[in-house]
Amino acid sequence: MGLQACGDPGSAVDEPPPLAAGVEGAPTAQPGQAPAAGQTLRAVKARGYLLCGVHQGLLGFAYADNNGRWRGFDVDFCRATAAAVLGDGNAVRFIPTSSTDRFSALQSGEVDVLWRNTSGTFSRDATLNLAGVNYYDGQGFMAPRASGVRSAKDLDGARICIQTGSTNELNLTDWFRAHGLRYQPVVFDTEDKARSAYDREQCDALTADMSNLAAARVAMKRPDDHVLLPEIISKEPLGPVVRHGDDQWTDVVRWTLNATILAEELGITSQNLQAQRQSQSPEVRRLLGAEGGLGRMIGLQDDWAVKVIATSGNYGEIFERNLGAQTPLKLARGLNAPWNGAPSGLLFAAPMR
Amino acid sequence: MRRPSKRASFTKGELIIQAVMLAAAVLVIWALAATALANLRARGMASGFEFLERPAGFQIAQSWIAYDPVDSHARVFLVGALNTLSVAAAGIVLATVIGVVAGVARRARSLVARGAASVYVEVARNTPLPIQLLVWYALITAAPPPRAALALGDAIFLTNRGLHLPSLTTAAPAWVLFFILGALGVGSALVLWALTARGATRHRRFVLKGAVVLGLAILGLAIRGVSLPHRTGFGFEGGLEVSPPLLSLLAALTFYTGGYIAEIVRGGLASVDRGQGEAAAALGLSPLQTVRLVTLPQALRVMAPPMVSQYLNLLKNSSLAVVVGYPDLVAVFGGTSLNQTGQAIETLGLVLVFFVAVSLTLSWAVNSWSRRQQRWSVR
Amino acid sequence: MSPPRPRPRQPLAQRMIDALRRRPLDAAAALAVLIMAAWIAPGLMRWAIIDATWTGETKAACTEGGACWAIVTSRWRQVLAGFYPKDHLWRVAAAALVLLAGVAPLLRRRTSGLALATAPAAVLLAYGVMEGAGVLPRAPTDYWGGFFLNLFIGLGASIFALPLGIALALGRTSRLPVVKGLCVAFIEVIRGSPLIVLLFAAAVVAPLFTPAGMTLDKLTRAMIVIILFEAAYMAEAVRGGLAGVPAGQVEAARALGLDRWRTLVFVVLPQALRIATPALVNSFIGLFKDTTLIYVIGVLDITGVLRNAVTDFAWQGLETEAYVFVAAVFWVFCFGLSRWSASLERRLSIPGKSA
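Protein chains in written order, with our numbering: chain H, 14 to 366; chain V, 397 to 775; chain G, 0 to 354.
Calculated directly from the structure, the hints in this document are not laboratory data.
Among the clues, some could well be false.
Said to hold, decoys possible - Just some of the chain G residues that point at chain V, by a computed CB distance under 8 Å:
id, residue
1, A28
2, V32
3, L181
4, V188
5, G191
6, I195
7, A200
8, K288
9, E318
10, T319
11, C333
12, F334
13, L347
Just so it is clear, the structure is predicted and the values come from calculations on it, not from any experiment.
In this text, a Cβ means the ideal position worked out from N, Cα and C, and glycines have one as well.
Same shape as in the complex, but just chain H (with noise of 0.2 Å):
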């Protein structure tokens, strides 16, 4: 088969590309029934490549670039998670899903996983598997400075834009029903319409995640001229998703997640991993699989931390790669830095032992 070069990591190709001919890429769960432990493992293996669901085009999250490559923060989880199982991750193929398929895709077994910000919630639990938190976020509201609002409080009676069909739309409705507030939405089916509209002055106030907010601020003609409210109505702990019941392929994408925290905590990037592989700490042994063999109990090779991060990096270059202060975004690290970290956030992922 000439196409298999297209696998190649690291040339310049087209995604993705696993063109493997005979090779079904037909799933894995079969539809109807619950997926039992290992399942999805086995069917990525015999499969070649992995199904990752992922946002249909949204800034610093998932886009598709000039040569049709996929990139993004959360893209770049997909390629970890390839990488993890079948040691390359340019094994992926990309399943853009709207945000009314997008668990309706899961579940009929198109995808393996979803990182597609989708924020976990309790009923999303029950009938999905959540398989750790990638972004941690919180809802709050943007005004212009000269509106002289300075608290979500003054914004009684205000026309506040917002994205639909998100959770954020039912916490606007709880907190201004608990503070007793009226608000007249408006809404947009996407964020960046949503963002627009603001600064078209069509709506008083934005609402979305801080994070969002924040790059909407940035977005802005005049940064200078609109301000954050201080308050936070929400908790948005967006991460990836998968089909309940596979108890195996929970652990591989959550473990995959927690490579890239605890390679960051450990300084490991992807450009020092040659020179950290013959470190003599034994938790940087465990988590590169130099000692341990703790890879083989989920069902991974032992060095597929180290795919991991080779292929793309640790947490926090993820983040700066796509989100941080060297993009259009410029977003802060916030609560999504270490937890030991200087300012700290909330990523605490449990030890490689």
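On the provided structure of chain H, position chains V and G as indicated by the hints.
For chains V and G alone, kept in the frame of chain H given last:
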């Protein structure tokens, strides 16, 4: 026209074919239902309609009836359905006006009028509606913000938050309902009498006009005054406000459907024999009278069925509201309620039932109208 | 039409003044239209062509005040073929050619019944070339996208919908109540439903209706729904055609000794389809435009690819260019088709019968 007798007799083969088809249809539906139930159970997903009673928990931007987030999903359905029907009704009226003007202009003598109408029709009909909607939305939201509103007098303001129009203030809703019922009752009683009473034929027209005037007069009793939009801290208050999503949805539906209606009108006018107009003119009818009494009634018969199917298309196309955020039935119930409850079969099923029911009702009404028209024309 | 009488030519100004005097309202309207055109056109020209930037790798390459068409040109492969692998673009071109070749016989003046069978075969062949079908390396449908997808969905669904629509139309005119009832119920329910809701159902509900062990990918599910949708509309167009076949034709055929089926296949249907062709083409145009709706279920057609492009930092904020480009592409195709359909209608109309 004689209908064939109801008791048709079938050959044995025909009976077998029918029985097999009926059985196959039942079997397919049963198999689908059984599969769905099994799948739902296996995935631990809820089914049934209990969710309709649960509180929805989200706010809706626009509603004709009182709505609060603690209200149930059933009420969300009602709010969405009323929003869909109202935007469709307004769109139908506006598209008809634009369409008739453009359709008549396409048969005008003036080259410029013909040209402008043709450009309009060809653009409206040959570009996708979702794209038109996005463009209209971009145009409307490019209007100035409230502090620099485009004003027409002190009554009409266009801003990027919508169009503010003067409105009539009315008595309490219960009284308005009372007056509407009263007006309808008195009006229809008069009309019925005019249509059925013997010997009243000559006065029929007079009575009909009287019924309309009387009805309007009764309705007028409900009006308490005029409300003008005025500036306040956060934009405008008072008057009638048409929000940008509604405005762009209306503009797009009107623009798109108007193009189709223009073609129907043109075809309808063309279908009336030229000789008819000439004959009417020879009888001394004025051009306006000719159109009103001769051309239009005949053209209308040709135009009615395709017009109605355009109206139904408009109703269905109003579901694109989700693209710009107008809270129609598909957006609030088939979108947000579905996302909250995860009960896709039930929510989408109810949405489809609504649309099919409205469509069937409308086409049934028109079919019976056009049958009556045919009967009259034969006579 | 009486032949135009030669009139002495007057100076243009004189004629305009005359016109103004005879039909002041018309003239005023015409003037208003001309002034508006003169006001809008130059700005539009400047934005879309004169000041526009045609190439570049990011929006930074574009000049302020002009359209930034670089968003389209730098991604032409995605715009045409979605995420299909670069080395295999020939397959997209081949599939598009196969599709068009499959439709061509349907568009001939005399539609032959054979085309009803060969056209679906062409769609399947195009699908095979794109997907691989076990012969070529496999490229599942989520690699597909861009304008090819609009073409594939529009043409493919129409071609499969046509035979189904004919069957439904015949069923609807059947004298057997069960056959008629089922066909009427199907047609009316589908025609009463908005496509966007049916697409949601294809994305979210349809997986619940497939038995364990069987999965269809999202595009296939959407395709099936669109075929059923279009079939109901085509059935109505064909029904119009059937009604337009003079009763004498049937009587003559029966008198010649043809049985019911032969009469239908060799006498009634060819004429009915011929009469129905303009309506069928219009229905196709409607469907083709509606293919842009597929974005709502996360399939990246030409609209989706460009909406994705504006979420790349490189092209953030260029929605206007994206929408105008899509509108222009569809306009060219649909306008061409509708002209052709109108000329067909004129050719097919029977002389002597009104309009």
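Hint check results:
no. : hint : result
1   : A28  : 6 Å, holds
2   : V32  : 5 Å, holds
3   : L181 : 6 Å, holds
4   : V188 : 5 Å, holds
5   : G191 : 3 Å, holds
6   : I195 : 5 Å, holds
7   : A200 : 5 Å, holds
8   : K288 : 4 Å, holds
9   : E318 : 7 Å, holds
10  : T319 : 6 Å, holds
11  : C333 : 4 Å, holds
12  : F334 : 5 Å, holds
13  : L347 : 15 Å, violated
Going through the hint list in order, the structure does not satisfy hint 13, though it satisfies all others.
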